[in-house]
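Using the sequences plus the hints, can you model the full thing?
As you go down the protein sequences, you meet chains C and D in turn. So the first sequence is residues 202 to 313, counted in the working numbering. So the second sequence is residues 50 to 163, counted in the working numbering.
Heads up, a few of these hints could be off.
Straight-line distance between alpha carbons at most 27 angstroms, and here's what the computed DSSO-like set of lysine-lysine pairs gives [stated by the list, open to error]: (1) C:Lys272 - C:Lys300; (2) C:Lys300 - D:Lys71; (3) D:Lys90 - C:Lys206; (4) D:Lys87 - C:Lys206; (5) D:Lys102 - D:Lys89; (6) D:Lys58 - C:Lys257; (7) D:Lys68 - D:Lys102; (8) D:Lys71 - D:Lys89; (9) D:Lys102 - C:Lys300; (10) C:Lys300 - D:Lys89; (11) C:Lys272 - D:Lys90; (12) D:Lys58 - C:Lys300; (13) C:Lys300 - D:Lys85; (14) C:Lys272 - D:Lys102; (15) C:Lys206 - C:Lys300; (16) C:Lys300 - D:Lys87; (17) C:Lys269 - C:Lys300; (18) D:Lys87 - C:Lys269; (19) C:Lys206 - D:Lys71; (20) D:Lys85 - C:Lys206; (21) D:Lys68 - D:Lys58.
Bear in mind the hints are in silico, worked out from the structure with no lab data behind them. A quick note: this is a predicted structure, and the numbers were derived from the prediction, not measured.
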Amino acid sequence: DQQVKQNSPSLSVQEGRISILNCDYTNSMFDYFLWYKKYPAEGPTFLISISSIKDKNEDGRFTVFLNKSAKHLSLHIVPSQPGDSAVYFCAASFQGAQKLVFGQGTRLTINP
Amino acid sequence: DTEVTQTPKHLVMGMTNKKSLKCEQHMGHRAMYWYKQKAKKPPELMFVYSYEKLSINESVPSRFSPECPNSSLLNLHLHALQPEDSALYLCASSQSGTEVDEQYFGPGTRLTVT
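Next comes the structure, spelled out in structure tokens:
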């Protein structure tokens with residue numbers, strides 16, 4: 202039972218445009234969500250998080266939106282840069298759990 | 050110092066060998082984690098240590114044995130592994146020892162079992 206789903210295995214975006222990565226979850230107990238970026242042969246790098254008391258969190262070029270009723274979150278990157286090319290993982294948890302459940306990842310490619 | 054370090058970067062071992070993976074953080078984080086990641090898959094949690102005590106074991110086979118000698122160090126002892134255990138082993142740490150928090154990952158150890 203996959204509780205966190207990233208339905209797009211890959212996404213290609215032109216440099217300078219907006220990249221939108223999507224993530225859906227099924228467990229209504231999840232109340233904390235994170236996005237990680239991973240380059241090949243490296244560990245995941247934390248990007249941004251959001252708790253369920255908010256519907257938006259912004260950090261520089263990265264914004265995460267949370268729609269609790271739809272059990273959906275998205276990561277917006279604007280403007281997209283070549284260095285953003287990586288695999289992006291969405292992860293979810295709930296308070297007291299200490300455990301992150303990861304989605305399958307989306308490979309983002311930024312084209313010049 | 051805001052990083053998690055792991056040694057070795059690469060490890061090749063036979064099925065009868067005993068080896069250890071090491072992880073270190075100096076951020077004062079109270080929780081440390083071992084994950085396993087296979088190619089094109091997300092990281093899978095193996096173990097969690099909170100305040101140097103094992104708090105989560107995700108039904109990992111006993112051929113993997115974690116150890117937390119102190120608040121900055123985490124080891125994973127390997128014995129009698131199988132070829133299907135070949136994977137990237139990631140260590141992570143987080144500030145809170147009790148609540149979910151951002152986890153910071155090391156670069157991983159690429160393990161190959163022959």
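Q. Which hint numbers doesn't this structure obey?
A. The structure conflicts with hints 5, 6, 14, 18, 19, although it agrees with all the remaining ones.
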